[in-house]
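Visitor: As a plain string of letters, each chain reads:
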Amino acid sequence: MAFADAIRSIGRGGLFGLTMLRGSAPTRDFLAELVREIYKVGARSLPIIAVGGAFVGLVLTLQGYRTLSTYGAVDALSTLLGLSLYRELAPVLTALLFIGRAGSSIAAELGLMRATDQIKALELMAIDPVAKVVAPRFWAAVLTMPLLAAIFISLAISAGWFQAVQVLGIDNGSFWSGLRGSVDLWDDFGVSMLKSAVFGGIAALVAAYVGFHAEPTIEGTSVATTRAVVNASLLVLVFNFILSALLFR
Amino acid sequence: MTDAAIPAVRLQAARLDRGGRTILSGLDLVVPTGGITAVLGPSGSGKSTLLAALTGELPVASGALEVFGNPIPRSARALLEMRKGLGVLLQGNGLLTDLTVAENVALPLRTHTRLPEPVLQALVRMKLHAVGLLAAADAWPRELSGGMARRVALARALALDPPLMLYDEPLTGLDPIASGVITALIQRLNRTLGLTSIIVSHHVSETLPICDHAVVIANGRIVFAGTPDDLQSTIDPLVRQFLDGQPDGPIPFDAPVRAYGEAAA
Chain G
1 MAFADAIRSI GRGGLFGLTM LRGSAPTRDF LAELVREIYK VGARSLPIIA VGGAFVGLVL
61 TLQGYRTLST YGAVDALSTL LGLSLYRELA PVLTALLFIG RAGSSIAAEL GLMRATDQIK
121 ALELMAIDPV AKVVAPRFWA AVLTMPLLAA IFISLAISAG WFQAVQVLGI DNGSFWSGLR
181 GSVDLWDDFG VSMLKSAVFG GIAALVAAYV GFHAEPTIEG TSVATTRAVV NASLLVLVFN
241 FILSALLFR
Chain E
1 MTDAAIPAVR LQAARLDRGG RTILSGLDLV VPTGGITAVL GPSGSGKSTL LAALTGELPV
61 ASGALEVFGN PIPRSARALL EMRKGLGVLL QGNGLLTDLT VAENVALPLR THTRLPEPVL
121 QALVRMKLHA VGLLAAADAW PRELSGGMAR RVALARALAL DPPLMLYDEP LTGLDPIASG
181 VITALIQRLN RTLGLTSIIV SHHVSETLPI CDHAVVIANG RIVFAGTPDD LQSTIDPLVR
241 QFLDGQPDGP IPFDAPVRAY GEAAA
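Top to bottom, those sequences are chains G and E.
For the first sequence, the positions run 1 to 249 when this note's numbering is used.
For the second sequence, the positions run 1 to 265 when this note's numbering is used.
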C-alpha cells in the first residue's frame, strides 16, 4: 500500500512538473515575477550561503591539514579542499542550506496561499496558478543555485586559504598552484554548476508541490514546510549520488 | 452579450457529491438572466457545494448543469476559458498578498487582455472608483479592513466585466455598516452593468431586500424557489425554521451520522 502511494506521489509530482514546464512561457509578467523570485529565493539566501561556505572551508582545511601532515603531504591540502568542495560539498551543502532557507519559505508561502484562498482565486480568475506562482519560483531556484554554489566555493576557498596560509603557515604559491593543477574547468567546476542547477530545481519543485497541495489549515502549512525540507534534502542526497556516479568516472 | 431567453443557470435533476457523500440531489433550478438570485440556507446545507459546481470546481455526479446554455466543460483549458465569463467573490477574498490593491485588480486584465498600460490603469481606476476605494489603490491587502478587502475583491471580480457574478457569503465577518455597503454595491453594480448575480448566503434579512429571486437549500435539496415576498409568506415548516431561526424543527440539530473513517475521506 505504501509502495503504491509512493508511486502515485511520484506520478503526481511528475505531472505537476510537466504542468509547470508548460506554464513557463517567457511573457513580460513571467519575467517580472522571475526577477522578484530571484531576489527572494536567491539574493536573500546569500548571507547564510556565504557564512556556511566560510566555515566549511575553515573546518575542511583544519581537518585536512591534521590528516595530511601525518603523512607529510600538506602540499596536497588545496587539492583536497578544491576537489571535495567543487565535486561534492559545495553543490550538496549549498542545496541543503538553500532548502532550509528558500525551500521552506516556498512551501510555507504556497501553503498559506492555499489556506487563504489565493490559489482558488487565481483558478477562478482563469489564471493557471501553477504557471503564475510555481514556474517563476522553480526557474529562480534553477538560475540562482549555481551562483550561490559558486559564492559558497569562493568563500570556502578564501577561508581555507586564510586558515592554511595565514594560520597554519603553508606556502602561498604551493596552495594556489595545487588548486590550479587539480581543479578542471568542466570536470569539476562545470559539473558543480550543473549539479547545483539540478538541486535547485529539485528543491523548488518539491517545496512547491507539497506547499501547493497542503491542507488549507495552519497545521497543513506546517506539515508541508517540514515535508518540503525533509523530502527535498533526501532527494538532493540521492540525486547527488546518481549524478556523481554518472559524471565523475 | 447574453440572450435574455437563455437562463443564466439551469440545473436539471442534478446531484452533487463530495468525498463520496451526496451533498445535494434532485436539483431542478432555473436562474433567469439579469437580476439577483439569493441562494439561502443554513450552514453546512450545501450552498458552497452548489457554488463549486457553478464554477466547475466540482462536476455534477448526475443530471445536467448549464451556464448560459452551455454545459460546464471538463477539460482544464475549456474550464479556464469558461471562467473568464464568471466573476467570483470568495468568502476569504483571496487577494494576493504580495500585490497592491491596484495590482490585484489589474491581474485578470493583464493576464487575459492585451490592453496598453495607460488603458489598463484607467480601467483599474474605474473599477476601484466603482467600489469607492480609488484612494486605496497603492495600499497592501494587509492594510485593509475586512469590508475594504471585500470591496477590492469585488472590483477584481468585476475587472473583466463578466456577465455572471457569484458571491460566496459576501457578508460573513462584516459589521452592519460594511454589510450595508456591500449589499448596496452588489445591487448597484448589478443594475448598472446589467449582470446576473447569484448570492450564496445565510444572511436572510440583509440579502432578501436586494434580490429578485430566492432559493432555499436544506436537508440536501432545494426546499423553496420563488420571489422574496413568497418566501417571507411561506408556511413550509422547514423554510420557516430557517427564516425564523428556530432551534427545533425539520432541520436536524445533530450532524448526520457517518460511517467510521468517512470524515477523513
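Among the clues, some could well be false.
Said to hold, decoys possible - Per label pair, the in silico range of CB-to-CB distance:
1. E:His-112 <-> G:Ser-84: 44 to 54 angstroms
2. E:Pro-71 <-> G:Ala-50: 49 to 59 angstroms
3. G:Val-230 <-> E:Ala-76: 26 to 36 angstroms
In case anyone wonders, no lab produced these hints; they're calculated from the structure.
No residue lacks a Cβ here, since even glycine has one placed at the ideal position from N, Cα and C.
Visitor: Would you mind marking each hint as holding or not holding in the structure?
Guide: Right, here's what the structure says about each hint:
Checked against the hint of 44 to 54 angstroms, the C-beta distance between His-112 (chain E) and Ser-84 (chain G) comes to roughly 52 angstroms, which is consistent with it. Distance hint check for Pro-71 (chain E) and Ala-50 (chain G): the Cβ-Cβ separation is about 57 angstroms, which falls inside the suggested range of 49 to 59 angstroms. The given range of 26 to 36 angstroms is respected by Val-230 (chain G) and Ala-76 (chain E), whose C-beta atoms sit roughly 31 angstroms from each other.
This entry satisfies every hint, going by the numbered hints stated previously.
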